[in-house]
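J.: Starting from the given sequences, assemble the full structure and let the hints guide the process.
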Amino acid sequence: MPVDLICLDADDTLWHNMRFFAAAEEALVAMLAPFAEAGIARETMTAVELRNLALYGYGAKSFTLSMIEAALELGGDALPLSAVRGILAAGRTLLAHPVELFDGIEDTLAELEMRGRLVLVTKGDLLHQEMKLAASGLGSRFSAIEIVSDKTPDTFRRLFARHGARPDRCLMAGDSMRSDVLPALAAGAWAAFIPQPGGWTHEAAAPPEDRARFTMLERLADLPGWIDRIG
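Residue numbers (my numbering): 1 to 231.
By construction, these hints were calculated from the structure, which means they are not laboratory data. None of these values were measured; they are calculated from a predicted model. By construction, the Cβ of each residue, glycine as well, lies at the ideal position given by its N, Cα and C atoms. Don't take each hint at face value.
Estimated spans, in silico, between C-beta atoms of each pair [unchecked claim]:
#, residue 1, residue 2, range
1, L101, P80, 37 to 43 Å
2, L88, R229, 45 to 51 Å
3, A78, D222, 47 to 53 Å
4, A33, A110, 46 to 52 Å
5, D210, H16, 30 to 36 Å
6, A89, A144, 53 to 59 Å
7, P195, L72, 31 to 37 Å
Below, computed lysine to aspartate or glutamate pairings styled on EDC-like, alpha-carbon distance capped at 16 Å [stated by the list, open to error]:
#, residue 1, residue 2
8, K61, D4
9, K61, D125
10, K61, E25
T.: The following block contains the structure:
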């Protein structure tokens with residue numbers, strides 16, 4: 001089946017992302033050392049972050065607010081103002097770090113452009129994602145940019161319909177089994193899982209039992225070859 005619409009995730013698919021969040025979390029753990037052991041600090045941060053997703057959504061700003069909340073839970077009234085300043089500084093670093101593309105991404109996108117319309121599908125803070133895309137220099141490669149609050153089967157169904165594409169002629173590729181692969185498959189599309197080391201546990205999920213429209217690739221550069229095989 002030929003593929004008309006090729007949807008790509010952004011964070012940790014086109015450019016590095018999670019390692020910056022991991023560094024911010026380690027900075028938080030260090031700041032909270034007087035109040036909690038490292039393991040407790042990480043567990044608290046994870047619990048607060050997941051609890052806040054429904055309220056704040058995804059992204060660096062949400063993460064920063066959750067760091068402040070986790071610090072207050074562990075430090076209480078004894079939390080020094082310097083720790084809050086440190087957390088805000090870590091949040092600004094998350095928002096302002098240079099965009100680092102994975103090796104060969106521009107060449108891979110050029111290959112994919114010859115096989116279908118490219119659509120960037122990413123979730124998170126609208127302004128921050130727009131900033132990262134602009135800094136990446138990749139925007140002109142895509143026929144459309146979709147920045148969504150979450151990736152669900154309905155998200156993909158609406159997206160495919162909006163772009164006039166049949167689901168069985170659409171493909172989604174990204175590093176999250178939970179957000180990129182499973183909902184795209186549920187919407188009737190093809191899906192390629194490209195895992196990255198150190199991925200967020202919240203995005204982990206069991207692979208699909210039915211693998212007729214699914215593959216796992218080592219890198220995005222392998223995607224054009226898979227598209228050729230399924231087409």
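J.: Hint by hint, note whether the structure agrees.
T.: The hints, checked one at a time:
Taking the beta carbon of each, L101 and P80 are about 38 Å apart, inside 37 to 43 Å as hinted. Range check, L88 to R229: Cβ separation about 49 Å, and the 45 to 51 Å hint holds. Under the hint 47 to 53 Å, the C-beta atoms of A78 and D222, about 52 Å apart, fit the expected range. For the hinted restraint 46 to 52 Å between A33 and A110, the CB-CB distance of approximately 47 Å keeps it satisfied.
Here the CB-CB span from D210 to H16 is close to 32 Å, well matched to the stated 30 to 36 Å. At about 35 Å, the beta-carbon gap between A89 and A144 misses the expected band of 53 to 59 Å. The given range of 31 to 37 Å is respected by P195 and L72, whose C-beta atoms sit roughly 34 Å from each other. Among the hinted pairs, K61 with D4 is inconsistent with the structure: their alpha-carbon atoms are about 35 Å apart, more than 16 Å.
Restraint check for K61 and D125: the C-alpha separation of about 8 Å stays at or below 16 Å, so the hint holds. With a C-alpha separation of about 13 Å, the suggested pair K61 and E25 falls inside the 16 Å cut-off, and the hint holds.
In terms of the numbered hints stated before, the structure departs from hints 6 and 8, listed from lowest to highest.
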